[in-house]
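Novice: What follows is each chain in one-letter form.
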Amino acid sequence: MPHHPRIALALLALGAVFLAVFPLWGDTFYIRFIARIMIFALFAMSLDLLVGYAGLVSLGHAAFFGLAVYVVAGLVNKAGVTSAFVLLPAALGAAAIAAAAIGWISIRTTGVYFIMITLALAQMVYYFFHDQKEWGGTDGMNIDSKPTVMLGDLKLFDFYDRVQFYYLALGCLVAAFVLLTVILRSPFGHTLVGIRANEGRMRALGYDVQRYKLIAFVIAGTLAGLAGFLEAARATFATPAHLGWHESGHVLMIVILGGMGTLFGPILGAFVMLLMEDYFATLTERWLLIMGVFVILVVMLLPDGIAGVLRRVGRLGRRGAGDG
Amino acid sequence: MSLSYFLIQTLNGVQYGFLLFLVASGLTLVFGIMGVINLAHGAFYMVGAYLAWWFAEQTGSFVLALLLSLPVTVLLGLATERFAIRYLYARDHLYQVLFTYGLILILNELQRLLFGNDVHGLPIPAPLAGSIPLTEAQSYPIYRIFLSFTCIAVAAALYLLIQRTRLGMVIRAGSTHREMVSALGFDIARLFMVVFGLGVALAAFAGMIAAPVNTVYPGMGDHILIISFVVVVIGGIGSIKGAFVGAMVVGIADTFGRVLLPTGAGVVVYAVMALVLLWRPQGLFGRTV
Amino acid sequence: MTAHNRRRFIKQAGAGMGLAAAASFVPTRFAIGQKAKIKLGLMLPYSGTYAALGHNITDAMKMRINEGGGKLGGREIEYVQLDDESAPPKGKDNASRLLVRDKCDILVGTVHSGVALAMAQVAKEENKFLVIPNAGAVDLTRKNCSAKLFRTSFSNWQPAFPCGDVALKDGHKTAVIMTWKYPAGFESAQGFKDSFTKGGGKIIKEILPDFPSVEFQAGLTEIAALKPDCVYVFFAGAGALKFMKDYDAAGLKARIQLYGPGFLTDGVYKQAGSAAEGIKTTLHYADDIDTPINKKFRAAFKDQTKRDADVYAVQGYDTGTFLLQGLAAVQGDVGADKALIKAWEGIKIDSPRGTFTLSKSHEPIQDIYLRQVYSGDEKLLGIAHKALADPGTGCTMA
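Protein sequences appear in the order of chains A, B and C.
If you count the first sequence from 1, you need to add 841 to reach this note's numbering.
If you count the second sequence from 1, you need to add 5 to reach this note's numbering.
If you count the third sequence from 1, you need to add 463 to reach this note's numbering.
Hints are computed from structural coordinates only; laboratory data are not their basis.
Ideal Cβ placement from N, Cα and C applies to all residues, glycine included.
Treat each hint with caution, since some may be false.
Stated by the list, open to error - The following label-pair restraints were derived from C-beta to C-beta distances:
#1 B:Ala194 - C:Ala763: 33 to 39 Å
#2 C:Lys769 - B:Ala194: 44 to 50 Å
#3 B:Gly135 - C:Ile756: 42 to 48 Å
#4 C:Asp813 - B:Leu133: 24 to 30 Å
#5 B:Thr15 - C:Ser838: 37 to 43 Å
Stated by the list, open to error - Reference excerpt, derived from the structure (chain A facing chain C, CB under 10 Å, subset only):
#6 Ala942
#7 Trp945
#8 Arg949
#9 Ala1079
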């Protein structure tokens, strides 16, 4: 279903090549930093499935991301489990179950209600971890070890190796992109977009609208959980701020900045947003003021985000070619 | 739990509920009538508190501070609607969410820029200072009781405005039948501007009159915003009556949550909300979705 | 990559200063390293809730270093400042930016305990020195203590511990503890509990409102019903101000003595007015300590920043002394790990808060003062506990 404009595909391919070769010369700090951006791109892409395709504007998406971080933290620190073969399914499973529960309550509503209910339910998860004495409370906690991938005595993958981890994040991002593209081109995806366009009609046609929405919600939550797992492995730190509504608003902003309903938009959005924040934060102590103005400008002037700009540029380009 | 203890805790809950209602009423009004979701509602609450504190410092009078800061916040609300929100009605709620999210960042930073990082206290105006003894050990501040009555007065005024006045009729009609109201010659644009201004003023007013008991500090709008959301969701979006009942439910649940379930108090309010939603997804007094 | 040409705040302090000192003293041990500047990474909050603390720490630290000639062990200093935003999720990235990308020799920070915990782990991984000028989480110098981690401030337990004794000496037998439900609150409460129960006092109840809620009425009603001899609370900033006012308005202040660590009253007691009157607090500093060094420090800080010095400024100032003395001992050679650790472990700092040394877990052994607010001013009553050290439970070095 997603139509990737040609210019975007070209840019995406170029970007992918750049990302693939970056570790060859990049400084270790930036390898780590770009890994973070790719994790956020994955996180934002999962939200795009809800916002851009299913028409479900969730303001609680960070709950699944943060929950996965805490599941990893809990298993590593409290149970001494470090095998990625346990940690990854546990993190994804917890995110999926939470998404099913929160989704089940939320999808009974639409529009403004949906926004507020997802926000409020995610805050509930936030306060749960916020108040846990054993889990570091507001301070958060260091995760004692990164995940390990062992086959017998053979180390298959080293999470401590920044370059290896970088390629893992890149691989997950590409895989999620392909997976979502496939899903959206399937009948399921067509139905989802149909529901967004005209829910009443789809219902009249006999579709179980709620079921489709819930499945989309769970897929998105699980992918957010994957991003959370990666972030836990990268930063080895769990804090309630990972699940707060500011984080949810932040990732929503990334989706809009990049262009919702495009899948590749959130990737661009994550790069632009995080690099910008990084730049402004070192430029001035008042950087949040700049970010606020930036957010408002994007909302007012670029409702289709960067993807919208690219589409327009692409259209102009094609028209130019046709004329000549 | 003795009876007097139970009654005082109930009083605490109800009193907290009144304050929540005052903040949530503006939020639900703007939702219900304009269909606009305003995340910056808490930030306006903070603006009100800071203005009240600043004017009180300058003039030495809390009443004068109220009279001076209220028009400022109304103007702020009107301007926000006129120059920004107005262009977002036709768009998805998403853009309203993000616009007001950006507004929070700006208002929070401006507050720091203008007033600094310090925490401030506002003295309670002299006639309302002092406390009434409740038990041999505990007294109740007169100002809190005054707060409750103010909230009741605002609730009554809002109810009368919406249900009994011509303006209220138009507002009610405008929320459901926009085209018809404008066909009858009412200026919908101006109407919405007024409603948004009123919503902002309510948030700011809550910040102002709560300032003497609440202290004034950076980021104070954040916490109140989320809890107001919960109130509005429980009560049913757009319903003033719902906001009132929701505020009471939250106030009492929060207070008794702290007393009876000290380890999980933070989650109690949200659990109550989830239960209400399971039973009625549109909230207690919401129209069906 | 635009990020490569990112601007940084690099301020060079004391560039033209102390030339004479440098000329007269040229160590032979590492003549090459002598030319390079020492890179000092300052990771502190310059925006958000703790911005004021971050600024006071930074300004006082630089002031102290400039007083000492503007150099560390004869080497000039390059400050690399970074706003940590008090955001724990960014803690590790920010710390590794300073240590990995900017290759800072020593990391200084921060205020927020969560961020400090993240920093401690990065510093350990990178095998660099970390000096903590505020964050009080006990774990930093207990479970997470390490050879290259030093704290020049306090542990949350430390200012609280003497308070229990003070309450006992005042004749109280029972107490209610009320604190935010967060780590700093628990740790502070533990300090009070340790001394109060050891001396025969009884904690009737712990009331824990969730952080950072300022709705205290339910708890106050509980206190009124329990009628303890005294109440110990840990709140800071807006919460502290609101609590003092609510406690007073509920009529409890007149009946039940209120205690707390100094953070309860510092910076807000003037705003609280009569509500703060009579409250007793314990802390490792008091504004009116009557020593020449404290008076000189307060005057100089006021002169340079136009702000009044507070406990955070003192901690920043002492961090400056700490760096000056330690690096002087190794002639500025930050690579001389063992010598530097040894110098710092044996350090004796003459501070506005009094003279202090470091414990085996790298935590100040310091006097804790008893202060009380009366007639609108916070007055020093005396020393509540002489040379108190954090127990350092769980620290492998202790």
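Novice: Does each hint fit the structure? Answer for all of them.
Specialist: Results of checking the hints against the structure:
1. B:Ala194 - C:Ala763: 33 to 39 Å: Violated, at about 60 Å.
2. C:Lys769 - B:Ala194: 44 to 50 Å: 49 Å, holds
3. B:Gly135 - C:Ile756: 42 to 48 Å: Roughly 45 Å apart at Cβ, these two residues keep to the hinted range, so it holds.
4. C:Asp813 - B:Leu133: 24 to 30 Å: 51 Å, violated
5. B:Thr15 - C:Ser838: 37 to 43 Å: At roughly 39 Å between Cβ atoms, Ser838 of chain C and Thr15 of chain B fall inside 37 to 43 Å, so the hint holds.
6. Ala942: For Ala942 of chain A, the interface hint is violated, since the closest Cβ of chain C sits about 22 Å away, which is over 10 Å.
7. Trp945: 27 Å, violated
8. Arg949: 29 Å, violated
9. Ala1079: 9 Å, holds
Of the numbered hints stated above, those contradicted by the structure are hints 1, 4, 6, 7 and 8, listed in ascending order.
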